[in-house]
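Visitor: Sequence positions in the sequence shown follow our numbering and run 1 to 93.
Everything labelled a hint here was simulated from the structure, so no lab data went into it.
Each residue gets a CB set at the ideal place from its N, CA and C atoms; glycine is no exception.
Hints should not be assumed to be uniformly reliable.
Said to hold, decoys possible - The calculated lysine-lysine pairs, modelled on DSS-like cross-linking and capped at a C-alpha distance of 25 Å, are: (1) 63 x 81; (2) 85 x 63; (3) 75 x 63; (4) 38 x 27; (5) 85 x 75.
Stated by the list, open to error - Listed next, with one range per pair, are the computed distances between beta-carbon atoms: (6) 77 x 42: 38 to 46 Å; (7) 5 x 43: 50 to 58 Å; (8) 52 x 21: 40 to 48 Å; (9) 25 x 52: 39 to 47 Å; (10) 45 x 69: 33 to 41 Å; (11) 44 x 19: 31 to 39 Å; (12) 11 x 41: 38 to 46 Å; (13) 78 x 44: 36 to 44 Å; (14) 51 x 28: 29 to 37 Å; (15) 80 x 54: 22 to 30 Å; (16) 3 x 39: 51 to 59 Å; (17) 75 x 45: 42 to 50 Å; (18) 7 x 33: 36 to 44 Å.
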Amino acid sequence: NAELESHFDFLESELRAFRDFRYSAFKEANERAAQLEKERDALTLSLNECVGRALDLVPAVFKNALDQVELYLRKLLPRDKFSYKHYVKDGKL
Numbered sequence: 001n002a003e004l005e006s007h008f009d010f011l012e013s014e015l016r017a018f019r020d021f022r023y024s025a026f027k028e029a030n031e032r033a034a035q036l037e038k039e040r041d042a043l044t045l046s047l048n049e050c051v052g053r054a055l056d057l058v059p060a061v062f063k064n065a066l067d068q069v070e071l072y073l074r075k076l077l078p079r080d081k082f083s084y085k086h087y088v089k090d091g092k093l
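Generate coordinates for the entire structure from the input sequences, incorporating the hints supplied.
Guide: Structural data, given as structure tokens:
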């Protein structure tokens with residue numbers, strides 16, 4: 001009977017240790033997931049800001065390119081045929 005009690009106590013302590021380990025691993029995984037979500041959100045915001053700045057530059061880049069071509073050709077080009085709006089729709093390239 002003492003042997004059974006000892007074995008039972010051992011199994012009970014093993015079960016407690018397993019539960020503690022599972023909780024610890026679960027808690028760490030949840031914390032890591034939350035950290036990764038914050039990083040993803042920050043990177044998404046940064047990407048959106050970069051894309052926005054790049055799209056803000058599109059009109060100036062097109063104008064500069066047309067100015068350079070006109071200087072090279074020494075003639076004016078019809079600006080309506082060379083519009084950045086053809087390449088940018090709804091704020092996206």
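Visitor: All hints are to be evaluated individually against the structure, with a verdict given for each.
Guide: Right, here's what the structure says about each hint:
no.	hint	in the structure
1	63 x 81	12 Å, holds
2	85 x 63	12 Å, holds
3	75 x 63	15 Å, holds
4	38 x 27	17 Å, holds
5	85 x 75	23 Å, holds
6	77 x 42: 38 to 46 Å	43 Å, holds
7	5 x 43: 50 to 58 Å	57 Å, holds
8	52 x 21: 40 to 48 Å	46 Å, holds
9	25 x 52: 39 to 47 Å	40 Å, holds
10	45 x 69: 33 to 41 Å	37 Å, holds
11	44 x 19: 31 to 39 Å	37 Å, holds
12	11 x 41: 38 to 46 Å	45 Å, holds
13	78 x 44: 36 to 44 Å	40 Å, holds
14	51 x 28: 29 to 37 Å	34 Å, holds
15	80 x 54: 22 to 30 Å	24 Å, holds
16	3 x 39: 51 to 59 Å	53 Å, holds
17	75 x 45: 42 to 50 Å	45 Å, holds
18	7 x 33: 36 to 44 Å	38 Å, holds
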